[in-house]
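Protein chains: 2
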Amino acid sequence: MIKNLINFGFAGRIYPINPSYSETLGMTAYPDVRQVNDSIDMAIVITPSPIVPKVIKECAQKGIKAAIIISDGFAEADEEGMRLQKEIVEISHQTGIRLIGPNTIGVVDTANNLVTTPYFTGYSKIREGTIVYAAQTGIAGAQALPLEDYAYPISKMCDFGNKCDINEVDLLEYLATDSETKVIAMHLEDIKDGRQFLNVARKVIPNKPVLVLKPGRNEASTNAMSSHTGSLAGDDKVYNGAFKQAGVIRLDTWRELLEIPRVFVSQPLPSGNRLGIVTMTGGAGIMIIDAAVESGLTIAQLSPPTIDKLADISPRIVSNPVDIGQVWTLINSYIPTLEPAIAAVLADKSVDCVAIVVWASTMPQVPEITEMFYRLKQQFSKPMTIWIYGTNLAVAEELSRELEAIGLPTYSNLETAIKALGVAAKYAQIRSRFNAEPIT
Amino acid sequence: MIKNLINFGFAGRIYPINPSYSETLGMTAYPDVRQVNDSIDMAIVITPSPIVPKVIKECAQKGIKAAIIISDGFAEADEEGMRLQKEIVEISHQTGIRLIGPNTIGVVDTANNLVTTPYFTGYSKIREGTIVYAAQTGIAGAQALPLEDYAYPISKMCDFGNKCDINEVDLLEYLATDSETKVIAMHLEDIKDGRQFLNVARKVIPNKPVLVLKPGRNEASTNAMSSHTGSLAGDDKVYNGAFKQAGVIRLDTWRELLEIPRVFVSQPLPSGNRLGIVTMTGGAGIMIIDAAVESGLTIAQLSPPTIDKLADISPRIVSNPVDIGQVWTLINSYIPTLEPAIAAVLADKSVDCVAIVVWASTMPQVPEITEMFYRLKQQFSKPMTIWIYGTNLAVAEELSRELEAIGLPTYSNLETAIKALGVAAKYAQIRSRFNAEPIT
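Just so you know, the sequences run in chain order A and B. Per my numbering, the first sequence starts with residue 1, numbered consecutively. Per my numbering, the second sequence starts with residue 1001, numbered consecutively.
I should point out that these hints are in silico values taken from the structure, not numbers from a laboratory. Using N, Cα and C, we set each Cβ at its ideal position, and we do this for glycine too. Keep in mind that a hint or two might mislead.
Unchecked claim - Here are a few chain B residues that sit away from chain A, every Cβ distance over 12 Å (derived from the structure): (1) M1027; (2) Q1035; (3) K1214; (4) A1396; (5) G1407.
Claimed, not checked - Coverage of chain A stretches by chain B, computed from C-beta distances (three or more under 8 Å per stretch; other residues unrestricted): (6) 51-65; (7) 83-91; (8) 256-270; (9) 293-302; (10) 315-326; (11) 356-362; (12) 413-419.
Model the full assembly from the supplied sequences, consistent with the hints where possible.
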């Protein structure tokens, strides 16, 4: 954990506490937190569970206001663990020390380079940004995701673990006024207090979308959750109804939770749900329509001036999806065809958002395509998502990083690229329900 | 096209035909196919559409039995294209020359290194294997997929294009007895003759699974398909019913079509639908249960001997999902825990198939994990799929390639890893309906 903090660039003072050592990584180790001659803001606790209550008590005595309990062996484990968890909750109530966890990998904050995971992270610094990932599982942690490879712009990450004290409601309340956060993505196995969650969510949602992956869609998974994080989940239909009422958008898969938030980071909200499609393969165009309709989008009817512009490129590409594949066969470089086609669709007033399918298979294509999108992004501010396909994974990943860097969201699944726009359009609609001012 | 054929290792004789050149790539170019002084097995045609009928006639006169028409500008384009397509179909009927396309990138055959795409492919050779990809779109082509990076084991690929002559029924009939093919994955925008398709599919399915991605789930996409490949699609519900009756398994997304077939290449069929789960993160375990139940699997009840074996590792991992994450926190290497846990679940007679979630973030882990799976694969022949997560994409991709190489299917989406097992179990059930002999 200390190594991770240092590699991550955490600039605060760190005091290792361990009665068995007098030194670690060149720092003095203290047998007891109360012996540290400095005020301490937060403790990260990773002792065996039976001694956690003692440690938390000592932290409270030292005047520490918050602790993250990485240790497991609490309510998720057994009867004794349940008892231990109750004990630390009582200490929290009595002393006012607030707790994240137990059974958590803790938090990441890119604003002050704080990372609390004890696992190998593999990078020095996550890209600072505006997405919050919060989860009730370690797989939303800094040790689990290729955040550096994807250059995901992260504001904060939080693993709630067993949520013995701080939970999704506290985090939402905090994030409501956090200027570094633009979009909140949460994995929740349960919600501790439904009414409170909905009340807070309603306050946050006019300003920031809240996207939730809520597993437990059937009896088998609901039962398993109780042993994972010691929590009791309610009826899935109840969750669905409540989310809908509050304007929380429910996602279906882990990859959606990982990838969809990015559409809110760099793209403006669509002013409606009419989708324009520019593709280099007709087959993908059709699949996009299926995914679009299932995501609540409609297929835009291109306006006459757009049709004229497209007809100037080729009379064969005058309808939506605009399938460049049809006129691309015999040319070496497709950008002179693709760029005006995308521009025409982006300029169309009957189009609210645009999905683009682009083929790339060689490294020299990466700067060419990036420059094309850069020019388009200078001219238009309509939301778009991009799906890249081709023969070479390294090329696709490099292009993806380059496009992310200029503020365009790319997706590894065709369907997720479309659902991202559908979710953005749905959020725009939810906001208007709250009569919210446009986000600037 | 000629460059692709050469790079791909095609050993047959190639005769370029073009009236404007006398030589290309050091080969003599002929103005007319009839002037070639050799017998020719197949023609690849990529002239402008108006002269395709003349070219096909000449091919037929030369005694060529098959032509792949790459050119577009036929039924998918306009009235004139429709007329041209009718004309080539008539020539085919009159002369017996069989046609793939038009508007296609043609075929790949790894057995004789044949590739007919005119696009950049980016590799010298696709890995020879037993999967057939057939599609009515270029995105299932050799120029569109990272087949080398994924080391996908390909038997044949076929883009039907406009399907003016050879279609999915012909291909299925051919593949029924093709010893190089174990699984058939098809993207179909329509089916030309439903009754014929079902009759042929019924013959193939007892021996080889047929997986179909059939876009056109709504009116908008159905309409768009008619301009993509000039075909008329019927009611989606009719397709669903017919597929079910014939035992064709319908997939939902492009990535499923790409990734699910691999489970049939290397894994035995499950003898039932009871899923065992071994995971390094409890959160993924719960998501797997959701995906499993939705894919028709049930969560296996571990038998007493298995529970004993797991309790020997740790009393905390005695139920399914077996969550190693709970006992992994404080150890450096997890393999001594993970390996016996996977072995215990694989050995359990109440478990028909196993989903494994494995964390890898450093290159040195790749051989360690690969060796662990190699040992497990030597001992057990139960079907399994693997989802890899971690901080580093390159590590995950390298591990994925290594595991594929030893015959284990890995998946980039958690949900697809589970659905692959669900589809395998469903196919096993379909086969038993046909009273088929076990595949050996």
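Tell me the hint numbers this structure goes against, listed in increasing order. 3, 4, 6, 7, 8
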